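J.: Quick note: to get this note's numbering, add 38 to the position in the sequence shown (first position is 1).
Check the hints yourself; a few may be wrong.
What the hints assert, rightly or not - Computed cross-link-like contacts, EDC-like style, restricted to lysine to aspartate or glutamate with a CA-CA straight-line distance of at most 20 Å:
{"hint": "1", "residue 1": "LYS123", "residue 2": "ASP181"}
{"hint": "2", "residue 1": "LYS134", "residue 2": "GLU105"}
{"hint": "3", "residue 1": "LYS107", "residue 2": "ASP76"}
{"hint": "4", "residue 1": "LYS250", "residue 2": "GLU240"}
{"hint": "5", "residue 1": "LYS54", "residue 2": "GLU163"}
{"hint": "6", "residue 1": "LYS61", "residue 2": "ASP206"}
Derived by calculation from the structure, the hints in this document are not laboratory data. All values reported here derive from a predicted model rather than from experimental measurement.
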Amino acid sequence: MPLVVLCGIPCSGKSKRVEELKKHVESTTDRPVHVVSDESVGIDKNAVYADSRQEKDARAKLKSATEKKLTKETVVILDSFNYIKGYRYELFCLIKLLQTPHCVIHCDTNPPVASQWNQERESSEQYTQEIFDGLVMRFEPPDSRHRWDSPLFTIQTGDELPCQDICDAIFHRKAPPPNASTQTQPLSSTNFLHELDKITQEVVNTLLDAQKTAVPGDYINIPGAGDKLYLSHVVTAPELRRHRRQFITYTKMHPVDDTSKLANIFVQYLNNSIK
Numbered sequence: 039m040p041l042v043v044l045c046g047i048p049c050s051g052k053s054k055r056v057e058e059l060k061k062h063v064e065s066t067t068d069r070p071v072h073v074v075s076d077e078s079v080g081i082d083k084n085a086v087y088a089d090s091r092q093e094k095d096a097r098a099k100l101k102s103a104t105e106k107k108l109t110k111e112t113v114v115i116l117d118s119f120n121y122i123k124g125y126r127y128e129l130f131c132l133i134k135l136l137q138t139p140h141c142v143i144h145c146d147t148n149p150p151v152a153s154q155w156n157q158e159r160e161s162s163e164q165y166t167q168e169i170f171d172g173l174v175m176r177f178e179p180p181d182s183r184h185r186w187d188s189p190l191f192t193i194q195t196g197d198e199l200p201c202q203d204i205c206d207a208i209f210h211r212k213a214p215p216p217n218a219s220t221q222t223q224p225l226s227s228t229n230f231l232h233e234l235d236k237i238t239q240e241v242v243n244t245l246l247d248a249q250k251t252a253v254p255g256d257y258i259n260i261p262g263a264g265d266k267l268y269l270s271h272v273v274t275a276p277e278l279r280r281h282r283r284q285f286i287t288y289t290k291m292h293p294v295d296d297t298s299k300l301a302n303i304f305v306q307y308l309n310n311s312i313k
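Please construct the entire structure, taking both the sequences and the accompanying hints into account.
T.: See below:
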């Protein structure tokens with residue numbers, strides 16, 4: 039069943055929109071709705087979002103809880119900041135693997151308005167101003183031109199939530215095709231092993247060279263690949279060699295008949311493997 043990803047700065051009205059959508063889906067369909075949120079996985083927002091390691095662990099908990107709830111019967115709504123484009127890409131890879139549609143809802147509320155809403159909360163539910171400002175500064179807005187941010191619904195303060203359009207997007211669209219790297223491939227041509235070794239080494243060399251100027255969060259163009267490689271962190275040469283060996287071992291057992299696809303399949307493999 040579909041995944042709905044909310045994103046937005048703190049106190050931008052995400053949870054209110056979640057309740058509106060949940061009520062609409064449950065009243066117009068026979069599909070149960072499960073909401074995964076910071077609260078549902080026990081995240082202390084002022085403690086977790088002040089520490090990068092704890093925040094990384096929290097994102098992993100949210101992703102794991104989301105994956106567990108995605109079944110053939112349940113609509114899952116992920117109610118969190120989801121402010122990192124690389125993390126939204128990870129969620130997109132998840133729905134591709136599970137073969138289910140998804141959409142993104144961006145609560146586009148002006149920071150001064152959101153800050154006022156934060157101050158109007160009970161003191162125990164407020165973000166500290168330092169945490170609030172830090173999350174606003176780090177927020178990476180979704181872009182509908184990216185597959186992982188599409189279809190995108192941008193909702194501003196005072197807008198009515200287009201519940202029916204959202205339902206049409208998640209119930210009447212085909213799921214994105216799975217990554218070729220996870221699929222059984224047909225037999226290869228006779229020079230397959232030579233091309234496999236050559237192309238994967240070229241991808242590794244390109245990434246190592248690109249890292250001299252790129253920074254974590256960038257997307258690297260790889261010659262011969264349609265997908266871009268997401269650089270979540272600086273990847274060492276030994277780490278890349280290990281991923282390359284694993285990919286070659288797997289691909290020898292599941293060769294492709296068109297070696298021109300190898301670069302893109304290897305990029306997809308790295309995007310799923312490098313965390």
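J.: Straight-line Cα separation of LYS54 and GLU163 no greater than 20 Å?
T.: holds, 15 Å
J.: Is LYS61 close enough to ASP206, meaning Cα to Cα at most 20 Å?
T.: Judged against 20 Å, a Cα distance of about 16 Å means the pair holds.
J.: Could you grab the alpha-carbon distance between LYS123 and ASP181 and see if it respects the 20 Å cut-off?
T.: Given pair LYS123, ASP181 holds - Cα atoms ~9 Å apart, limit 20 Å.
J.: Check the hint pairing LYS250 with GLU240 against an upper bound of 20 Å on the C-alpha distance.
T.: holds, 16 Å
J.: Between the alpha carbons of LYS107 and ASP76, is the straight-line distance 20 Å or under?
T.: holds, 15 Å
J.: Can the restraint linking LYS134 and GLU105 be considered satisfied, given a maximum Cα separation of 20 Å?
T.: holds, 12 Å
In summary, the structure agrees with every hint in the numbered list given earlier.
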